[in-house]
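K.L.:
Sequence:
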Amino acid sequence: MRIFISGSKNINNHFSEQVLKLIDNIIKESADIIIGDCFGIDELVQEYLNSAGYRNVTVYVSGAKQKTRHNIGNWEEKHFQLEGKRRTAYSMRLEKDLQMAQDADEGLAIWDGESKGTFINLVNLSVMGKKSRVFLIKENKWINIESIEDLKPYLGKRSEWTKEDINYVLETCGFSDEMIEHLVSLYDYGDYDMSDYVEDRQDVYCYGITDIICQAPIALKEKEALLHFLMKKRNMKSDIYNHVYRALKREAKWKKIKKDVRDMADWAHDDGWSYMWEACEDINEAIKMLDDYLTEYEGDGEFYLFSEWYDTDSFVEKSFGQGLFSSMKEVMDYIDNEIEEDNLNEEYFRVESWKPKDPKHCDYKKTHKYDYYIFDGNVCWFEKMRPEVQDNGNTYYMPVSRMYSSGNIDLNRSVPYRTGDIVKIDCRPFGPPFHAMVLESRELYDCCFPTIIFNIPFTDKWRVTSLKHRRFYKHTEVGSYEAMLSPLYRLRSVSPEEIDEDDEPLKYMSSILGKDENRAEMVWKMWSYYSDSDSDISFEDLKELFECI
21 MRIFISGSKN INNHFSEQVL KLIDNIIKES ADIIIGDCFG IDELVQEYLN SAGYRNVTVY
81 VSGAKQKTRH NIGNWEEKHF QLEGKRRTAY SMRLEKDLQM AQDADEGLAI WDGESKGTFI
141 NLVNLSVMGK KSRVFLIKEN KWINIESIED LKPYLGKRSE WTKEDINYVL ETCGFSDEMI
201 EHLVSLYDYG DYDMSDYVED RQDVYCYGIT DIICQAPIAL KEKEALLHFL MKKRNMKSDI
261 YNHVYRALKR EAKWKKIKKD VRDMADWAHD DGWSYMWEAC EDINEAIKML DDYLTEYEGD
321 GEFYLFSEWY DTDSFVEKSF GQGLFSSMKE VMDYIDNEIE EDNLNEEYFR VESWKPKDPK
381 HCDYKKTHKY DYYIFDGNVC WFEKMRPEVQ DNGNTYYMPV SRMYSSGNID LNRSVPYRTG
441 DIVKIDCRPF GPPFHAMVLE SRELYDCCFP TIIFNIPFTD KWRVTSLKHR RFYKHTEVGS
501 YEAMLSPLYR LRSVSPEEID EDDEPLKYMS SILGKDENRA EMVWKMWSYY SDSDSDISFE
561 DLKELFECI
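Residues 21 to 569, numbered by the numbering used here, are exactly what the sequence shown covers, in order.
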């Protein structure tokens, strides 16, 4: 009989007499004991077994022999080396624990009711049909685990955030009160797992909230803090239990279950928690690089600074080189001196960071590592760059992803606004703010809805486009300029006090539609008849169109 003894690592005082009696019985039966090398219960049990002179013990260790933390009785050791990269230190220990569960005939756990490692050991044993005895330290009693269902009372709350948590995140990201109230009201996932991807439930669940944070107009360190705040709310015990329980119902094999448990514990499963972890790691890497740059007054890097803006006279994006700097601190000092109060929200800065290909040698060749985007004195967005060698032999640097700048896809979240509502669109610093009227709003989770109708800023043309697609501004060369920032962050209703004579056409159209989706659909269908090659129309054509409704 081989018994796998495990327990909470934060227990470092004496055992209950009930536990000692059971261990004494194991010794009397000369059972083989397999145990880990951790502090806490592993160490305490090892001390007791050594004091009893018991030799039928094998210590399982993560890593090489010199990495053993505790083998008090100099017993036989088994070492487990992991191949490939792992995200967390726990994943190293988990590989050892999985093997211990597989090698054992039954389990014995001394548990504080909190330790996820001990709980996962019990799950794995139960999946293989192996029974366990568990001493609950807080209740001072034994329980028997004969099937996975016996663990259900000890899950704790499932992974979830409170509505106050969501409110805090959205407020920090800069959403309007109206959008916050709407998005928070949708946070009721019922029978859904918040880490799953469900098409009509992504507003503020793992995938959706991660995208919201990554693209928000706030400092990178604020984004990292928000992601950490949300990840701390995860109950891994509940997530793994529920996943394994469903897998058993599907009659999944142990090999598949073991892989899933390993991946979930390592934040590497194909789910929303992994998506959030990866985002946090990417942001952390960009911050670390930035912090290194900020501490180097005369480093080995080069930093090219550009001031950039959308020019409403020529209708193109402008980029003006401000100079070459030897450290990021010099860049930030320069920007602090350059920013003026009157154009604080109209201009942003982009920094190209270049480092030597081989920092150990004086290599004149440099590689483009990151583009950082600075707004309102904060580094808010970034793009990690990768080299792509062209057919002509030249190397271009392209973004690995746009997830942390404009987004890989448009931010697709539902909005509370309906046909005829007049709203404010504010994508600064990537384009001027303006007012628009909501046209069609029937499909909340379709990225093409709602559509809006508006006077293209600084032109005499009118346009209908999807709110989420960001094609708001004229571009001399390509027809339409897309702002990098989603309009959803600052989207809000225009109050009666804000309505001026420029908004009279919007009021007129709103009165004609009268919240009627069918009329709004007619406008869309008739629009192509009046529009030019750019799908834009004059105000005269706009009036004629609405007179036909």
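Rather than coming from a laboratory, the hints here were simulated on the basis of the structure. Note that beta-carbon positions come from the ideal geometry of N, C-alpha and C, so glycine has one too. Misleading hints may appear alongside valid ones.
What the hints assert, rightly or not - The following label-pair restraints were derived from C-beta to C-beta distances:
1) S339 to E564: 21 to 27 Å
2) S555 to E184: 39 to 45 Å
3) E408 to E271: 44 to 50 Å
4) D331 to P436: 30 to 36 Å
To be verified - In silico lysine-lysine, BS3-like type, Cα no more than 25 Å apart, as pairs:
5) K444 to K386
6) K275 to K116
7) K136 to K269
8) K389 to K29
9) K444 to K404
10) K241 to K177
11) K150 to K253
12) K252 to K308
13) K98 to K278
14) K158 to K275
15) K279 to K172
16) K161 to K150
17) K375 to K241
18) K29 to K241
19) K278 to K136
20) K308 to K183
21) K308 to K389
K.L.:
Are there hints from earlier that the structure breaks, and if so, what are their numbers?
P.N.:
1, 5, 8, 9, 10, 11, 14, 18, 20
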